[in-house]
Amino acid sequence: MSKRIGKIKIRIPRNIKKGDIIPIKALIIHPMETGFRKDKKTGKLIPAYYINDVTVYYGNEVITRCEWTIAVSADPFMTFYLKADKAAPLRIIWKDNKGGVYEKTVQISPK
Amino acid sequence: MNRKRLALLQVLMALSVIIVITSIEFVGSVRAGSTETEIVEYTPSISPEEYERRYKEFYGDTTKQMAEEGNPGELMLEDGEELFHSVDGSKGKSCASCHGENGKDLVGAATTFPKYDPEIKGIKTVALQINMCREKRMGAKPLKYESYDQLALELYVKSLSNGMPINVSIDGPAGPFYEKGKAFYYKRQGQFNFNCAICHVKYAGYMARANLISHYRGHADHWPSYRLKWGAVGSLQRRFRGCMKNTRTKPLPYQSEEYRNLELYLTYISNGLPIQVPGFRM
Numbered sequence: 000m001s002k003r004i005g006k007i008k009i010r011i012p013r014n015i016k017k018g019d020i021i022p023i024k025a026l027i028i029h030p031m032e033t034g035f036r037k038d039k040k041t042g043k044l045i046p047a048y049y050i051n052d053v054t055v056y057y058g059n060e061v062i063t064r065c066e067w068t069i070a071v072s073a074d075p076f077m078t079f080y081l082k083a084d085k086a087a088p089l090r091i092i093w094k095d096n097k098g099g100v101y102e103k104t105v106q107i108s109p110k
Numbered sequence: 012m013n014r015k016r017l018a019l020l021q022v023l024m025a026l027s028v029i030i031v032i033t034s035i036e037f038v039g040s041v042r043a044g045s046t047e048t049e050i051v052e053y054t055p056s057i058s059p060e061e062y063e064r065r066y067k068e069f070y071g072d073t074t075k076q077m078a079e080e081g082n083p084g085e086l087m088l089e090d091g092e093e094l095f096h097s098v099d100g101s102k103g104k105s106c107a108s109c110h111g112e113n114g115k116d117l118v119g120a121a122t123t124f125p126k127y128d129p130e131i132k133g134i135k136t137v138a139l140q141i142n143m144c145r146e147k148r149m150g151a152k153p154l155k156y157e158s159y160d161q162l163a164l165e166l167y168v169k170s171l172s173n174g175m176p177i178n179v180s181i182d183g184p185a186g187p188f189y190e191k192g193k194a195f196y197y198k199r200q201g202q203f204n205f206n207c208a209i210c211h212v213k214y215a216g217y218m219a220r221a222n223l224i225s226h227y228r229g230h231a232d233h234w235p236s237y238r239l240k241w242g243a244v245g246s247l248q249r250r251f252r253g254c255m256k257n258t259r260t261k262p263l264p265y266q267s268e269e270y271r272n273l274e275l276y277l278t279y280i281s282n283g284l285p286i287q288v289p290g291f292r293m
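Protein sequences, first through last, are from chains X and P.
For the first sequence, position 40 matches number 39 in this note's numbering, and the numbering has no gaps at all.
Heads up: take any position in the second sequence, counting from 1, add 11, and you land on this note's numbering.
Honestly, I wouldn't trust all of these hints.
Stated by the list, open to error - Mimicking DSBU-like on lysine-lysine, the simulated pairs with C-alpha atoms at most 35 angstroms apart in a straight line are:
(1) Lys15(P) to Lys67(P)
(2) Lys155(P) to Lys43(X)
(3) Lys102(P) to Lys75(P)
(4) Lys67(P) to Lys6(X)
What the hints assert, rightly or not - Cβ-Cβ distance ranges computed for the label pairs, FRET-style:
(5) Gly42(X) to Lys75(P): 36 to 42 angstroms
(6) Gly174(P) to Gly5(X): 28 to 34 angstroms
(7) Gly58(X) to Ser56(P): 56 to 62 angstroms
Everything labelled a hint here was simulated from the structure, so no lab data went into it.
Heads up, the beta-carbon is just placed ideally off N, CA and C, and yes, glycines get one too.
Extracted from the complex, chain X is given alone in its bound form:
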C-alpha cells in the first residue's frame, strides 16, 4: 500500500438549522505533481499529475466549480460556505489530468 491517492475526508457541522450558513471542509490525498520536479535518482522529470477540476453538487444543482492548477499544494484542502436551505446530498467531485475521478457524498439534513 503506497500513499493512497483519492482518500477523502469531508467535514460538516453537527447541528444544522434550516437557513444556516455552514462551512464545508474537504481534504483529499493527492500528490499534485507540477511536472517541473526532477527525480533525484534518475534525473528525469516527474510527469505532471494534479487535480484540475472540482465540482460541488447540492442536490442536483452545481453550487461551485473550481479550476485548479499546479500551484495548489499536495493533499489539497478547501473550505467553502453553504446556505443549508434543503435536505439534500452534497457531492464533491475531483478530477485530475490523468483521468482520475474521486468523489464523496455527505448528507446535509437541516432541522
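Since the structure of chain X is provided, determine the placement of chain P on it from the hints.
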C-alpha cells in the same frame, strides 16, 4: 647582506608555520578529548511557556488552525486501523487477535515506550516492537521502516494512547541507555561541529536564519507527524536524519542503536506531556 636577510626570513617563516600547525593540532586534541569524556550541560535559554509565546508571536495560529481543520495524517490513521485488523503471516493472526478488537488492550501502552527489552538487550521503540511482534507472534515479514504501512500501523497503535501523559521510566536496566542517549545529545559532531543541545537547549527560542529554533520539551510527543515540508507523515527518526543532514553529519540508519537511545532520552525529557498523534507541523 641581502642573502643573509633572505635566509633569516626563510627560517622565521618556517618556524611560524610549524608553530601554527602544532597549535591547531593542540586545540583539536583538547576539543576531541573534552567531547568524548564529559558532558557539559547547558542551561535552557527560555522556559517552555516563553517558547510558546514566541512561537505564537512569530508564526501565529496558522499551523494550529490547519491541524484542526484538515490533518492528512488522520486519513492515514484509518488505513492503520484497517491494517491492525487484517490477517497476515503464516500463523493466520492479526494484531487484533491478541490485543483485542480496536486495540483495547493497547490503550495507554505507548506512553511507556521506548523501554528496555531483555531479548535484544537494548531499547525498543514502538516501531521495533511492532516488527518484533510480526516476526515472532504472527510469522509475518517485518515492515520496512518509514514505509506507508509501517507508519500507518505505528500511528494507529500510538493514537490509542492519545491524550495520556508520557510516562517513560529510566530505572533499572534502561538507565545506561538513557545515559548513552544523553551523551549522543551532547556529542559534538559533523562538519559544523554541532550537537543537538546547542540549538534546542542553549539557543531554543532564538532564530536560525528565518526559523525559530524549537524548545526541547515536547519534541517527542506527537510522532509520527504530518510535516508540511515533507508533504507526508514521517517518524521522529526521519526528523533526526533531517537534523543531522542540516548540520552536515552523516545520518544513521532507522532504528539504529544510537537513534533508539536518543529517542529514549528525548521522550524522557518530555515526560508528563500528553501524546497527540498524528501531529501536524511545519
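**Asked** For the pair supplied as a hint, Lys67(P) and Lys6(X), is the alpha-carbon distance within the 35 angstroms limit?
**Response** Roughly 32 angstroms separates the two Cα atoms, so the pair holds.
**Prompt:** Does Lys102(P) pair with Lys75(P) here, judged by a C-alpha cut-off of 35 angstroms?
**Reply:** Violated, because 43 angstroms separates the two Cα atoms, which is more than 35 angstroms.
**Request:** Starting from the hint 36 to 42 angstroms, judge whether the C-beta atoms of Gly42(X) and Lys75(P) obey it.
**Result:** holds, 39 angstroms
**Asked** Between Lys15(P) and Lys67(P), does the CA-CA distance stay at or below 35 angstroms?
**Response** violated, 71 angstroms
**Message:** Verify the CB-CB distance for Gly58(X) and Ser56(P) against the hinted window 56 to 62 angstroms.
**Reply:** holds, 58 angstroms
**Request:** Please work out if Lys155(P) and Lys43(X) have their alpha carbons no farther apart than 35 angstroms.
**Result:** Between Lys155(P) and Lys43(X) the Cα gap is close to 26 angstroms, so the pair holds against 35 angstroms.
**Item:** Range agreement (Cβ of Gly5(X) with Cβ of Gly174(P), hint 28 to 34 angstroms)
**Value:** holds, 31 angstroms
In the structure shown, a violation is registered for the earlier hints numbered 1 and 3, in ascending order.
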